[in-house]
Each structure stands twice: as C-alpha cells, then as structure tokens.
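Asks: Chains A and B are the protein sequences, given in the same order.
Start counting the first sequence at 232; every next residue gets the next number (the working numbering).
Start counting the second sequence at 6; every next residue gets the next number (the working numbering).
Hints are computed from structural coordinates only; laboratory data are not their basis.
Certain hints may be false.
Claimed, not checked - Below are the DMTMM-like pairs computed for lysine to aspartate or glutamate, each with C-alpha atoms no more than 25 Å apart in a straight line: (1) A:K290 with B:D31; (2) B:K708 with B:D346; (3) B:K708 with B:D546; (4) A:K321 with B:D31; (5) A:K290 with B:E43; (6) B:K438 with B:D757.
As the list claims (entries may be wrong) - Covered by chain A, per the in silico footprint, the following chain B stretches (three or more residues, Cβ under 8 Å): (7) 29–38; (8) 295–303.
This structure is a prediction, so every number in the text was calculated from the model and none was measured.
Glycine residues also receive a C-beta, built at the ideal position from the N, C-alpha and C atoms.
One letter stands for each residue in the lines below.
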Amino acid sequence: MKSGHHRPAIRHQYLDGLHNFVVDNLGMGKPNDLVQGTLDLLILKTLSPEAMHGWAIAKRIQQVSGEVLQVQQGSLYPALHRLEQQGWIKARWAESETGRQAKFYALTTAGRKQLDTEAANWNRLSAAINLVVSEA
Amino acid sequence: MRWLHQLAMKLRMLFVRGQAGTRLDDELRFHLDRQIEENRAAGMSVGEAHAAALRAFGNPALLRDQTRATWSWSGLESLLRDLRYGFRTLRRTPGFTIIAVAVMALCIGAATSLFTITRSVLLRPLPFRDPAHLVMLYEHFRAPELNQPSYDYNPVAPADYYDWRAQNQTSTHGFQDMAAWRYAQFNLTGVRGELPEVIAARGGTYNLFPLLGVQPAYGRVFAQDEDRLGANVAILCWSLFERRFAADPSVVGQAIHLDGKPYTVVGVLPKDFTYPDATVQVWVPYATGVPPVVLRHHDFHFSRVVARLRPDVSLASAMSQVEAVQYRLHLQYLSAPVAEDAAQRTITDDLAKDVKKPLLILMCAVGCMLLIGCLNVANLLVARSAARQKEVAIRSALGARRLTLIREQLIESLLISLAGGALGVTLSLAATKWLASAWKDLPTAQSIHVDGAVLAFACALVFAAALLAGLLPAISSTGKSVFASLQSTARTTGGSLHRTALRKALLMIEISVTVVLLIGAGLLIESFVRLRTADVGAVTDNLLTLTYSLPAQKYPTPEKQNAFNEALLARLRVMPGARAVAIGSVLPGAGYGGDDVFLIVEHPPIPPGVIQPDALVRRADPGYFQALGIPLLRGRFFTTDDRTAEGKKLIISRQLAQQYFPGEDPIGKHLSIPAWDTGGPPSTYEIVGEVGDTLWQVGQPDKPMMYSPLLAQSHNIDQIALAVRTASNPLAISIPVQKQIAALDPDLPVSDVMTMDQIIGQSVGSASLSATLVLAFAVLSLLLASVGLYGVLSYLTTQRMTEIGVRIALGAQREQVLRLMLADGLRPALLGLVLGLAGSAATVRFIRSVLYETQPLDPAVFATVAATLLFVAVLACLAPAWRASRLDPMQALRTE
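Pulled out of the complex, with its shape left as it was, chain A reads as follows (with noise of 0.2 Å):
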C-alpha cells in the first residue's frame, strides 16, 4: 500500500436504492495499490477480444459487471494512459462507430501475458478471501 492518503479506494454509493461499486480514486492524489490493480485487470480483461476506446470500455464493464461496477473517467484515463506508457497495450487512432475519430486500445502481446498473471492472481485472491469470508 503507498501511504499517503487513507481515503477508501473503493467506496459504497447508494443509488436509487442498488448498491453500485464506483471505481474511483476521487480524483485525489495516486490510487492505492489494490484499486490500481483491479482496475488494470479490468482493463485488461475488458480489451482481451478486441480493441476498444475509453468510452467503450467503462460501458462494457459497467454491463458485464450487471451495472455493478462504474469505472470513473478520472480514473479510466489516467490507467488507460499508465498501461499504455507500461507497454501493457497499445493505442491507434481509428473511425469509431459514430463516425467519428476515436482512441482505440488494444492488448500488446506482453499485455496478454500480463493478463494471464493477474487474473490467475485475482482468482487466487478471491478464492482466499471467500474462504476467509464463508468461514462460518
């Protein structure tokens, strides 16, 4: 964890009575560790078909997440942007459905393996944590 700031990462907003998961660092400073890279994987997982623009991507994890999750742009650019200065995926500007010229991301071949990592982390991540959690 950077220290630093100790404000939550991921925070309960209560929306007309559905509990949503607001992915965002409240524009305050670096996002923590944990939040960074879960958005990451999002990211990365959400762009494993095909390439993408920002837009594109925080509806598509919105939906996927069954409206669930909502990525923030203040903190969709900033990781579409990090990952791409990592080499993780790479970015091409091309026409987007409405016509207009739209930034379209795509996986790298590193960012498919770095993928591969950290979905096999997650998994192993959650299934600990549900053990822990289910633990009667």
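Chain B: place on chain A using the hints.
Replies: Coordinates of chain B only, in the frame set by chain A:
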C-alpha cells in the same frame, strides 16, 4: 518486445509531447460528447445533457493533469514548466534580477577563487609517494625566543640530522628514513657566452628523492658516494632545463658552470616537482660545497629535515625516539645552542607556513560575504513574494500543493544562483590568476588552477546559496492560511507584520555579520598601517639596492674581493646622482641573514645549562652605516684599516648593548665567537662602536645584531648587498650602476635590483593584500546591508502609506513621522550592530596571530566601525523616511 513498446512510448512522450497533449484533449472530448449524446438519448434537453455530462465527468482540467501525470518525463515536464515560469518572472523585473545575479556572482566568484587557492595550497596532496606519511622535523628550543622568529621551530644542525638518522637506522625504527636539504645559490655562467644569472638552488642528501618517491624525468638522482665535498654533480629542475637547455635530454652527462666550477648534470627532475618552491632551479648534493667541519657542528642550524614515517608506527612514538637523541645531544653540548627537543609538522603545513592563517581568514571573510549576499537576495525575494501574496493564496485555494509552490519559488532563487554562479566562476578565473600572482608568499603559485573539484565546489555553492536565499522566503510566503491572505486588502493598515518581522530579522543578521567583517578588516588595516610605518632603523627612501656574489674561482682571496669592491665603490661614488654607497652582507629589512652565538670575554663564564647568547650577524663596509642612515650611538664606525682579517673589530646594535652590557660601556670590551674560529687559538673581537637598531624584517621582533667588517672573516660571504643613495628616483640609476659592475666584470650577474621601499613592501605585501581583500569584502557587505536596509524601509513605507496618511491628516507633524520611520528602520540596524560588536569581540582573537602591534579589541577600530555603520544606516533609512514624512495625506488616503 515490451521494452520496445516502452522505449517507443518514452521517445514519443519526449519528442511529440505537444501533439500527445492535443490528442488527449480529443480523447477526453470524445468521451464527454458520447456522454452528452447518451443523455440526450435519455430525453434530456441540450443544456441539461451538457450539465449532467460535465457533472459525471468531473473537472476536465484536473483529469487531463492526472492523465498527463502518468506519462513518462512528467517530472521533467513540470521542472521545465517551473523553470519557464521562473525565467519569465525574473525577466519581468530586470532590475531585481540584475542586482541579485550580480550579488551572487561576486560572492560565488570570490568564494570560488579563494577555494581554488586554498585547495592548491592546503588540500591538494603533493606529487610525492604517500605524502600523508611525510613530516618535517625541526629542533625546538624550550625558550621561545631562541627559536627562529615567527616559526617557533628551528632549522636543524647537520650533525644533529646525522645523529638522528644514525640512531634511527640502528635501533628502533620509527621513521623509514630521513633526508635533509639546505639553501644554496649559484652564479650560473654559460660556456658559450650566455648571460650569467643567479639561480636559487638547494643541497639535498642523496636519499632525499627516493624518500619523497620522486623519479627523475631524465638521468638519475644522486648516488650515496656523491653526497660529499668536491663531488660536483647537479640535478636540473624542469624550469631551468626547459628555459636554459631547450629541454634537450642530452644535457645529462654534460657539465654546467656553477660559481665558475663545472658540475656534471646527472639528472632532470619532473615538471610537477616544484618542492620546496618553484624558484628552485638546480639541486646539488647536501654535502657538496659545505666544509666537513661545518657538517660536524651541532649549532649551525641551516637544514630542513624530511622524514617518512613507518606506517605501523605512531608519529608520537617515532618522535619520542628523535627527541631522546636530541636531548642527549643537548646535555652533551650544554651551553651551545643545541635544542632540547625536536618538533614536527606535516610537509603540507610546512609549505603553507606563512599563508595558512591569512588564507583561512580570507576564506572566513568570503564566507561571511556569501552569507550576506544570500541574506540580501533572500530579503529581496521576501519583498517580491509579498507582492505575489494574493497569487499564491488563490493558487493554493485552487489546489496547488504547498510543496509545488515552494519548489516554484526555489527555482527562481536557483535560477538567480545559477546565473550568478556561471558569471562568478568566469570572474573567479581571472581573479584567481591575479591573486596567485599578487600574493608572493603562496608556495605553489604555479600549480593553482581551476579543476573538477573547484567546479564541483562552485556547483555546491550555487545550490547552497539557492537554498539559503530561497527557502526562507518560500516557506514564509506559502505557509499562511488562504483565508487570511485573501481577506487582507490593500487598505489593511498594519501591513503584513509577520513578513516585515522576517525581513528585519534577516537584516539584523546581515548587519551583524557585516560588523564582524568590518572590524576584522579594520584590525587588519591598522596592523598593516603599523607595519608600513614601522621604523626600520635606517633611512629607506631614495635607495637603490642590488646583490651580487663574487665567485670563489675568480676571486679566491679576500684581497681580490676587496679590490673588486673598492674599485666598484670608487666608480659608484663619483657617479652623477649617487650621494652615498653602502656595501654589506644584508641590508636592513632584507632578511634574517644568519646568527651566531658569542661570549663576552670580560664577563664571568656562562654557567652550564644556560644557553649562550646569540645575535644576528651582519658584515658592513666602512661606509655602510652612514649611507644607510643608521645612527652611531657610541664609539666609532669601521675604518678602511678594519677591513683586514687582523683587525678583529666589531660594532654592536643598541639592543645587544642594552641586553648584554646593562649599565656598562661596551666600547673596548671583547667578544669571542666560536663559530668564526678556524681551528687555531680562539680569536676575540673588540667592540669599537654601538649603532641604532634596525629591523631584520618588517613585522618581526628585532633581535640583537653585531656587525663585522665585510671581509674580516675566514669564510667567504655568499652574497654582497649594494645600496646606492640617490637624490631622486633611485630606479633611474639602476642601469648606470649595473653598467659600472659590468665594466669591472662582465661575467658577474646581479640580482634583486629594486628600491629599499620595494624590499620593505615585499615583506608587508601579504599583509597589504589580505587587509585590502578583507576590506573589499567588508565594504561590499556594508553596501549590501545598506541596500537591504533601504529596501526594507521603503517597503515598510509603502505598506504603511495609509496609516501615515491618516496620521498626517489627524495633525501629526512631519518631523514626528520622520522620527517614527527612522526609528523603525534603525532598530534592526542597532540590534545588528550590538550583536555584531559582541560577535566580533568573541571572534577577533582568532586573528591575533596575524596582527602586528595591534590589539584585537582595539577600541578605535570598534568605535570607527560602529560610527561608520550607524552613519550608513541613517543614510540608507533617511530617504524612505523623508519620503514618508512628505506624504500628501489626500493622495495617500485615496490610493488603494
């Protein structure tokens, strides 16, 4: 492959960053537009859709910044941006920038110059093998007045050196080896009609160069069997080799003529070998040219001993062995001047002997000036940050972090320091060159140059100065609560008290350091003036001096030498413009010239254990005293009849008479001088006159002196000093005088052609230099402090304009306002003055040892400095205070 991607990204971020920025804006814009479209599709109106999308989107500028922060080089980017801002703000106020940069350039330049010199003189290791283990050994008398003045050490007698070394080699070995060297001087004459010249030389024992770890550039060093009388071999120093022999290595094996005798060149020393100083041109073996009887003496102190400590032995235990030997020798020759103890110091300290203290003083002075310069820039920056108070407040309200704001301000002071540093280093290149040539005492003037370490020092200075000048204003200007800053308006009458207090505190420190500098400078100047006006004991104006030495080859007997001197005197006396001519061994103020012990025949013998009295020895021709204006107190001067060896007459100085003939008439008494005996029955010398005291060197305590006729002694004198008194500018007849000498002997070189005033100026040159430099630093500091004072008070006046307007409108008298403002400005000056006086009182004792007949707590200096500072402070405060008192209340109250 991934690194390829990363590299590509890095390069793209570095070179097409601007384009990437536009692209980012497009990307975010696209996202926002999609959101708006979605909102519209959900049935919102255009306005609603926009507002909702923006709400969901958050702060676009912030998002952009956060995204950009993930890019590579973003640290560099923000640094560049800060640099750009800093540069722009500095350019907007060229007056401030020029002043601040100039102040920094002067301070950093001066500090760099002095560091360059200090490093070459005190810090740079000598070009010897393992110089840390080299020490110089000396004899040390327990009675301080017996040691060589200004040294507290005494050169070593040859027999002492041989005994130290012999003991060291037989029993316990504290030192690996010991070597000795002595002074020498030769007439170098050419075989092919080259100009003759007098060259400085040294005689070194055969083991000296191996001990130092110095390899000759060509040829070899001395062999053990060459270290004896009559082995005429020589080693050239590089400067002579290059200058006189065109750097031709075939000179090794050939003969050169020193004092008319052929010496075989066996080697050439490397270029970087300038020990003990760069004037030395040639080395001969230690024992060459020294009569064996002299080498057996324990009381002829003329050698310097270099010893190499064994790595496994402590210096203390090695010294205790030498001291044991020396004490045994002392007991053996109880009444002779054989010291009780031995002493040591490192070879580096030994070389830096006369300049170490002045250098450290100058270093301190320049450090003070640098501090004042930084404080002054800090003061100016505080004033600037006051003007930008609102800007800082607004920016921190908008989310700028304090660290960012501090960094921005620091970068401003860093820019100032960098510009100042670059300019300063350029200045210091010239200043160092000048200083190295102007400061005659510097031992390694040739090797002083700017190198990597000096540049590193200058860089460190730049950053330290930037921190010192920038940090305080930056912290003070950013720490305030946003609310308080925004609340305060131009109408606030109190001004910002906190900042004013900070500026006054800075000013107070500045002034107190200035006072310390001024007092240091004042003391050094007073000491210098006393040196300059010291009574040498002779009439020094309009006196041309030079030296020559008559080679034994051509002038083997006293009669021949006498004939030459007589002929020269006869020619010079009739020369137009010459009023009187003096010939002697050493002129007043021109140096130590050697001393000998004496016994008073008519007095009871000296009890064992009491060391025999000694006196400086001078040889003088009959005309010496009158020509130099040394008064006769009793008896008579020498006559031409006294010149011969049979005469055995002496003239003594007043101090010798007072010290050793208290309450009696010395005339007609006899002295015996053991060192002058030649093996036959001891001679006695009759005192025929008493003359006034002369200083042997300005700035040194006078010693008893005795004069014998020029050629009345057995061994030759090395050098003859000639002085010609003229009616007007003495240098005008220097060429005619040299022509007269050349007419008598065209092969005879003369040296040290200068006026008596120049000789004396030489011995006070170092004092004059350090006094002038410290004064320059002090005056500059005073100027800085007064500018600071003026600045603070002007600022204060502007701040309190409304208040003063109200006061005047309510009927305050102009004089009252003037007094009020003056008092406000003078308070920090007074506090600083008091602090500075107290600080000076505590620190001046450190310069006591370089002061000549000046007390460190000299009340005149303290009073003058206090008065000067007060005067300058009042002057600096007067203008803003007067301006405040002339304020038009209506205008002041109307001004927002």
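Asks: Now tell me, hint by hint, if it's right for this structure.
Replies: Hint check results:
1. A:K290 with B:D31: Given pair K290 of chain A, D31 of chain B holds - Cα atoms ~19 Å apart, limit 25 Å.
2. B:K708 with B:D346: With a Cα-Cα distance of about 23 Å, the restraint between K708 of chain B and D346 of chain B holds, given a limit of 25 Å.
3. B:K708 with B:D546: Since the Cα atoms of K708 of chain B and D546 of chain B sit roughly 23 Å apart, the hinted pair holds (cutoff 25 Å).
4. A:K321 with B:D31: Measuring from Cα to Cα gives roughly 17 Å; hence the hint holds.
5. A:K290 with B:E43: Cα-Cα ~11 Å, so holds.
6. B:K438 with B:D757: Distance ~24 Å between K438 of chain B and D757 of chain B Cα, so the pair holds.
7. 29–38: holds (count 7)
8. 295–303: violated (count 0)
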